[in-house]
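K.L.:
Chain by chain, the residues:
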Amino acid sequence: MNSRKLLLLFLTGAAIVYSCNKNKLDQQALVSLDESSIENKEGVEALLIGAYSMLDGISAPAILADGGAGSNWIFGSVCGSEAYKGSRKDDMAEITSLEKFIPNASNPQLAGKWLAVYTGVQRTNAVLRILKKAKGISRADSLRIAAEARFLRGHYHFEAIKIWNKVPYVDETITYEAGNFRLGNKELIWPEIEGDLKFAMESLQGKMEAKGRANKYAAEAFLAKAYLFQHKYDSAMPLLQDLISNGTTAGGEKYALTNKYQDNFNPDQKNSTESVFAVQSSVNDGSGGYNGNLGDIFNYPVNPDGPGGGCCGFFNLRKYLVNHFKTDSNGLPDLYNFDVSDVKNDEGYASADSFTPYNGTLDPRLDWTVGRRGIPYLDWGIHPGYDWIGDQGFAGPYSPIKNIYYKSQQGHLSDASFWTAGSTATNINLIRFADVLLWYAEVHAQVGSIDSARYYVNLVRERAMNPDGWVHTYLDPADPAHGFTSTPAANYHIGKYEDPWPNDRAFALKAIYFERMLELSLEGHRFFDLVRWGIADTEIKAYFLHEKNTRTYLNDANFTKGVNEYFPLPEAQIDLSAGPDGVRLLIQNPGY
Amino acid sequence: MYFNQLTSNLSSRHAPVESAGHWISENRFQRLLQQTALLICLTCLVIRPAIAQEKITGVVDGSDGLRLAGVSVSVKGSSSGTQSDSTGHFSILAKKGDLLVFSFIGYETQSIRIEDDMVLHVLLTALVNNLNEVVVTGYVSEIAKNISGSVAIVKPRDLVAVPAGQVEQMLQGRVAGLTVITSGEPGSESNIRLHGIGNFGDVTPLYIIDGVQGDINSLNPYDIESLQVLKDAGAYSIYGVRGANGVIVITTKKGKTGKPAIAYDAYVGETFPTQGLHFLNPQQNADILWTALKNSNQVDSLGYPSDPWYGYGPKPLLPDYLVNLNYGYPANAAEADPSLYNINPGAPIYQIMKFSKGGTDWYHEVFKPAFSQSHTVAVSGGMDKSHYLFSFGYLDQEGTMLNTYLKRYTARINTEFAVDNFLRMGENLQLVYRDNPKFEKNLPDYTNEISRVLRVNPGIPVYDINGAFVAVDDPNFGPQSNPVGARVLAKNDIGNNWQVFGNAFAELDLLKYVTLRSSFGGTLTNYNSTLFHYGSYAGSSNSLAETSGYSRSWTWTNTLNFSRTFSHGHHLEALLGLEEISNYNRELGGSRQDFITDNPNYRFLSNGSPTLGITNYSFASSSYLSSFISRLNYIYKDRYILSATLRSDGSSIFGPENRYGWFPAVSIAWRMTEENFMWASTWLTDLKLRASWGSTGFYGNTDPFNQYTLYNGNALNAFYDIAGISSGAIQQGFSIVRIGNPKTGWQKDVVSNIGLDAILWNGKLSVTADWYNKTSTGLLMPIPLPDYIQGDATPPNVNIGNIRNSGIDLMLGSKGKISRNWRWELLVTFSHYDNKIIKLNNLPYIDANGGQTADNGFLVRNEVGYPIGSFFGYKVIGLFKDNEDVAKSPTEKDAAPGRFKYLDANKDGVINDLDRVHFGNPNPQFSIGINIGINYKNVDFSTFFYGSFGNDIYNGPGAASDIATSAVHRQRILNDSWTPQNKNGNVPRLEAFSYFSTFDAVNSYPLEKGSYLRNKSMMMGYTFPLSSLSKIHIKRLRIYVQAVNLFTLTKYSGLDPELYGYVSQVPLGNAQDSKSSFGIDKGNYPNNQIQLLAGLNLGF
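Chains as they are written, first to last, in our numbering: chain E, 9 to 600; chain A, 2 to 1101.
Check before you lean on any hint, since a few could be wrong.
[As the list claims (entries may be wrong)] Simulated pairs of lysine-lysine, PhoX-like, Cα-Cα distance not exceeding 25 Å:
(1) A:LYS882 with A:LYS894
(2) A:LYS882 with A:LYS908
(3) A:LYS908 with A:LYS894
(4) E:LYS174 with A:LYS408
(5) E:LYS194 with E:LYS49
To be clear, the hints were calculated from the coordinates, so they are not data collected in a lab.
No experiment lies behind these values; they were computed from the predicted model shown.
Chain A extracted, bound-state conformation:
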């Protein structure tokens, strides 16, 4: 965070988010200083001394790779001085032999004697000690050393070090206490959890961008000036009912006084698909099937199995050709005659394809190397009374899965004006266009496209004998079933949105110590998507679905800020405010079918059949939040800090009884090193102890109309042809679509935090440690209701229970210089949390199905005493070794040698549903991020590791491949299956059917350890010396190469142990599902793909 607000009166007043008026006294001082400096400079220019003074120019960089603007440059022993401009450039008059002194907050001061060089490249060493940084927190700016709450700061440079495209993903491992799980899909959202899992649904933090709630994934990461994570109630309670998941406060870059500066940042790279999984070849598959059929007595009187593909006999014979995927034939069979081939409607489908004896590598047919690039150009500058910044960014991130991509165009315009010496106005505006079609991820039962890639029989080729796509599941299902076909044909699907985001503000110095600030801002989003389904070969219709909509939200914030430093070291700040937030969205969609052609240019609804299969719909929702904000901050002698906040929120989402809530918080801090008795300590540069307690809330996951029982009807669910007309006429009806609960109120969190910030040896080592305890009461969740109450309606969110998260955040930093040319930097974050459900109101447990239909029961049971998302079912304690083992074991349905022996949890001698136990926990025990940076002269090297340890994964597709009749198998089924000879095998006996005692019950067989350590980034850069650049008018040039996800250390056998949790929609069986069902491998877009990049940072 290299804020130069302190040195620039304008920008400090316009501190990026809310009012910074409490710095008024300092600002005036700064202004005076600056004006003095300016005057001196002018004097220098006017009264040019006789001694040969020369113009020395140069640029100032920080050791952390940033250009430094606002660095104070002075000539020792003289009164002349200046500042570096927004591109780090400076020019000063001095003579040979003078000592130039460069100083800047957060950096070691450096002196350079002028010798022959007229052009200097100055490198300032960054201090860990950023005590005087200005940090934007809730509605105010604070000086880092005076913050009493827990606030983590992420450097913009660290953010962009991982070229993820989206800011959310860049936060992984950067902040202790923040867990980020993401997927490799371009443009996908991540699961972000601060301090464990605070509720059963949406746990995404609140993002405040330039003071307004915004969409972090629309931001161009290069536009970010600062990013703070507010981690305790002392810091985030001021956000009241929106604060419970933590708050991330972002400010965007502003122009700085000086000539226009141009910055250009770019990279290009290539992403390579992972190795995929190693499956058995078609012959091995067929052999396994044969064994299974024999084992299950699926044989004729001669003892031979048969199969439509592999024929009949003692051994399976691989066919040469398949017809319609139904039957296999040898090459000379009449059925394989190419003249029979037909895939056109009008005659029976007869698709002939060559059996892939070597095995089709479906994974690498769908996942291909992918190109990405990013370019950002920013122009910024300013004069005394006005500052501007304009930036344009283009991101083109291709996913390795065919036709997945994110193309994002961003434009940002930030301006500020000092209209008067007591009135400042400005705006921050961002325009974004995103082109990011999505594929359906949330399909149940491992049927999404990635799952399918992992489950298609390798004997099937991608194309038939005439080059048309083979339909994989069934010719009746059309080309969509072939995962390659599905992706290739998805090429012209549209998924884009436009967004206008920003705010305008005015600040008025009303009285000497009082500033009034008004900000009005918000987001306007329009989106449009189309999905085209091709008709099947068998003649089912093609169809087009199109969706468009918009959402708008506005926030109007008015604050009154008082700030005054009294004599005797008393400093007082107070904030009073009102905030109004309004949200509205509306969507329109429709579909048609029977398009005469699949031509992409013809995909418009009106071109479909005018009579058949026409659907359309629209809906809207709306909500309102009205709030009162207050805050009091008292600092005594820079050492005792007390901060108190109180917010009141009123929300339209809840019924009148529970509409309003109050959220108080208090935090205290003691900077021990300011005490006289501590002066003796030389190794301890700074030590601050912090404690906070507060209350915050959460109202997410909750429909704006949750309080109402609602009725409507549509043709699909409630209309009925009561008159028996049969076609085209139907009577309208109603059904209950939502069951309301007017008594539901918001979730309330009580958060305690104790922490310390220590800086040792003047920044060689810094430590931030926090312990927290967060009790969330009245968690909002739809209450599961019996079918006879719920029917097909949406159940209400109620306050369903309480959970507690407690944990430790640790951050260790270290920086230093080995020699003049060698510097190093280390940053380690460590996060640990314990999550436990401590109470459920009127419910013994809440089941979730983990994204599967309930054919085997529910996988996730949330129950008091257990962590959220814990896996529930029968625990496999081994395989039955033999009949004797079966006989002496508890009675179990379908027990037989080679099948699962379940734990008799209640020891009653019978295995039944009472023996289901919590058998796995998807929560990690801890996660770490390690960032290592080494600089040698102009060469910088950095690498970043992220690891998550101690979590369990339910590898559904992996286990499914151990079913003998599956289309794909892992190597282990060959070696580890139970046989009478291999009684110690751990894969069940090969059988043609599944049983309760094999795969027909939810059991712990698919459980695997999910720990991993990943090298997220390894980067090497070179900054050209200024002397070589000034001739071509370049102020800065750095080039770098980078490897992303170079390696991952894990024992997990699936594609990637980092598993994004989806909200899935599985209506059957009534279980609720949410992002709290995680750690379940449902075919995730892997996020561990190696990417190689080259990039440059250029400044004019």
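Just chain E, same shape as in the assembly:
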């Protein structure tokens, strides 16, 4: 045996020794952290941030699902008769089937919403689960974190119940590891939602360390809203009263309406005294636009030099909505005949054609809600009508405006790093104080104190009456950046309900419902309001009647009472609820 043989034998020996070392099979995870690494304060706080980040309904791996949007622009507003899907006929046509109330159980927008809200639930449960194991967290912090997480869990389930009615409730004990995750939806889960929101309300402080966090009053407002959805007016009343008397924002400021209506939609004015709870939007933060209202990113006029880079002309508003804003000589709406004739509009006119806008009296909130021909569109210039609309014959003459940022904010409060330029720092208001006031009015009307109801409606109207807060004409229409005059852009006339309301609950409710449309339209509430009021079928059918001759694509729209108040559960999720025996625990909503 020579040295070469020895060398090779030595190598063989080394190989054997090496092969016997079993530790090399203990592969540590790279890139991500395992559970034991985050069982501490930093980890749990970060998980909580992650749970907040699903409020916008968007997470990175998901294909854009407008249905998942935190704003509920499809389910709340399009389905609530405020707006068309918009753009062109064949552009995301699955939204049209929602708009027409003929959705399939496999509609991707519904799947997107389900994924968004239940991803939120999954994340809040991760917070609660890890929190229990985490070390080094003070008792106060632990309570706060649990309360914030349960607030969010309540909210996410609330979103689900609004859309699907009977849905599964998932808490932190439901895990993959435990194997207990096949859930049904036999019961309505209001008690569980209330439980989460109550815990949050009782455990949280009024003032939080950051403006975006849920505080005691946000939880209280959501709880009140949950009661309203169950028609538990007596339970809602003291909460609303407390909110109005004592409520503060997470920043510690007492709730109050802003002076100017439009401040609620201006990213420069966000987290105001009126913001009870909002989805925080952020731009130029390294996310490629993902944190800036991505679910609403198509909802800009098609003007390429306008906001959003001209993408993509969705969310065009309906004449039916615009007609609500007509006012009479007292500055009050016509509750009954508002829709008999349309506010004059430029449908059928090209932008080059001359056109004079409607000269009748209007509620000034109209032009902070609806972009229409001839009226300044924030600081983007006079809305030219036709040229800013994708297909006017399909989508009508109007553009949305509440979600639009100002041209002067472009670049620092907007972000072009997505493939459109429409990412914006505009918050999504989930509950603002005007909403609380109108609930309070509604509760008063329901329990019979009609005239108190009028008081709270008038509070909201009073703010809208501030002429400083109206849309004004440009100093120089050729250069909108130059600023505004103090001349109202249209014939605004708004007044309070001066006369005491008759002791007629139906009338009072009608007025309140109407006021909610004027104040809160395009904020994702309308459809859910109509359903909880029990008038979805009559209102929506009336609306379809209005459309019969103008939007032929709605000819086969069909709202069936007892069916279309809720949407079909995503078929894939039902199929996934099957056990080995094939029995599916999730039950589809009736009629689908």
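Use these hints to put chain A onto chain E, whose structure you have.
P.N.:
The following block gives chain A in isolation, referenced to the frame of chain E:
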């Protein structure tokens, strides 16, 4: 396989893959022979006899077109002899009238009498009977006749007969039991399945190249010396947890003793796009739309429809111009005034284009004739103690789709040295550079670029009135939307990789019968790609994404080999080994936007906007496999063969509980013709019966970190502006990114195989037949979880269920000589498999979405009792003929005359989701390959057919074109639509909307038969006679012309019935998708394009 290892002591010792030490005794014998021969030659040279001996030179070719090296050449009745060198060249001293005898394993022995010629061209007829070939299998080399497992051998010549560029594609139809589905995209991977579909995900076999796991598509096909497909557990169980999809063992060429020889192989050719699909012209399209609008009551009070393009009235009017694709105008309209034209940001976009009344042929705007060429130069040679081979290859394969191509440069250096008489060392090294940018194929809903080509309105022109690209979908989407624009602008995108692949080895004869071998090898890959998005006309930003990364893997194998032939016909071999495999990869990527110019030379990340839209990322993964290998082989009297293997694998991918596995296998064979009682049979040359049973495993599809529940966060998915700062500041957060399952273990396969190999009439006919049954348990697949558990995390792979594949492989070969000048050769392969899911653990079924978002539900349901990938949905049993038909049929949502009538599967009188059925099966009933070769003197002709029969195809784009509002339509919508007059039509009534009872549900309407028979290759070659070449010092010259994909016989109406299955990423709706969703036409790069080539094989 023309191994000359047996005649060369060095190369047999250095048998290409693992140790060949068990041939030691034979080798010594060979060595003796060779040395004797050498001595005799030397003697001949020294003692030159008085008789006029002359130097006879020549070259030896096989009838199969190969130069033959190592052919024994001797003078009958004398002791002189020699061998042909590595280029087939020989020279020997002989005198006129002598009889020269040429013999070589695998060929008929031939005698030639020396007359006047001093230069001979000898052609040896290849035998089907290759019983004595040395075949490299798992970690060892074996003699073909002694193999007890199922091993298929593919000749390198057959591989390169189809100029596909990539070896994977060349395997199609060559091996019974191996299904290869591929696409026409240069450089694309293929779906390769051995014996059916063994799991829900990656079914690619394990490729072992010179003993090391490698990337087959980096290989230059001309570098391949031999390729074996190990098909049963007896053959591949020794690869343990990596073996379940079958193993393909490849050895690369080695240098052979002799003077340096140079070989040059080249071809040039042109590929022609297919005919495309015949769509209706714009006027017909508009008429269909009008009918649909009327049928759906989309009309005004006068009964007239309207449309932004076609105006308003009783009949549609084709516009002369389109503006922004939104509106159509006649030529004299003010809106069509060219002075309004603008496509520059800063003013509203006003793109004016001439409406294409004749119809744009989008397919042929994107698919153009394409050039390809391939060149390989190899230099090889060797001396007694060292051998070398160097080869350089260049492949330039253009795809017919604009700017798709593969440019591949390969260099191979293989060397071997006998350091001592008991120590041999060597290396195999390959360097590869590939330039192969990819386009996005996996987009859902028929939106990839090829789908789009098939779905663009023919009324739209490619260019506008000023020659700029028309943006097709929407001006807001920018030039990318125009499929021609997208491809033209993709010109400067980069997609390349560099790879170093190979191994170094040492072999030591430790004891008389024991050889120790150590091999260390692996792959180092670097890659880089860039993707530039142009800004839209409407002013959205341009952007650049760049990705770079590397991966490395190494394999260290140490084996101890014992081989001894005992007296009385006992032969024993044993192998013990240890193997360690380590993998690591790391990637880095980023993107920027707002580049001041689209100039390709300016496309570097740092040139983009410093503030907006900056993203970057990196990630890594790592895994380790540690194994023990053993094998025992016992042969008695060349007739009873027993082989047993046992492997143990430990993998870092699985949790401690399920980390280790044992994989045993045993196979037996009986060579009946060696029995005394069989000697009487003259027609039966050889008959071997084989049986094997064994276990193997699979751990693919599984993330290295599958066992862990993991958390991280990035700005996109988990960060949140909790402080309400709005811009540029955001709080970091976490979310669950992976749900772990520490209990997951590997998939385990139990495989039984019974087969026979028969050679009849001395090779006139040969038959190999195999029956197999493969039960795969614990299939690895991500478990679909409800959204409230899974969220946006990756679900864990679990052992989800069991499937069974059983089938038959058949190979028939026939070779013969009609006359002295005419020879023929036939090879037929036949594959059939049955695939069935036999168990799913805790799941009733697994849905997959077949690459679509779930707007209509899932297309694929994997369910017990059904084959993998079977199509699921409503079965269309016809159209409702009239109202009466609707009334008497089961209640169906949106039922109306002219809409689909679905099967009421549960006969409850109502059509609902319980009536969905398995309506189609993408698995073929059988596939065949037929190779026919005919030689006449120096002319060779060969043709190769491949066919797949009995599979269903879901023709999504085809069905979509039958929707009346689609942009394109097939002829059938004109003739076959239901109308009150044509109640027997089979295309639904033309309507402006889709319904549950038309196209809004997954139904069987798009189903078509996918059977096809394709002439893959037809080739004619001519080999120049040696006499005409020797003057110019050329040893061999063959030229050929070839037609590829000359014709395909099929009834399928889409572009190509051969459909590559993509893994698609469709996160919504939770269905899992994988290569097990196949047979779905999503816009595939057709693989049936005719290619015409001319080539040459040259040897110096």
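K.L.:
Compare the structure with each hint and give your call.
P.N.:
Here is what the structure says about each hint:
| no. | hint | in the structure |
| --- | --- | --- |
| 1 | A:LYS882 with A:LYS894 | holds, 16 Å |
| 2 | A:LYS882 with A:LYS908 | holds, 20 Å |
| 3 | A:LYS908 with A:LYS894 | holds, 16 Å |
| 4 | E:LYS174 with A:LYS408 | violated, 58 Å |
| 5 | E:LYS194 with E:LYS49 | violated, 37 Å |
In the structure shown, a violation is registered for the earlier hints numbered 4, 5, in ascending order.
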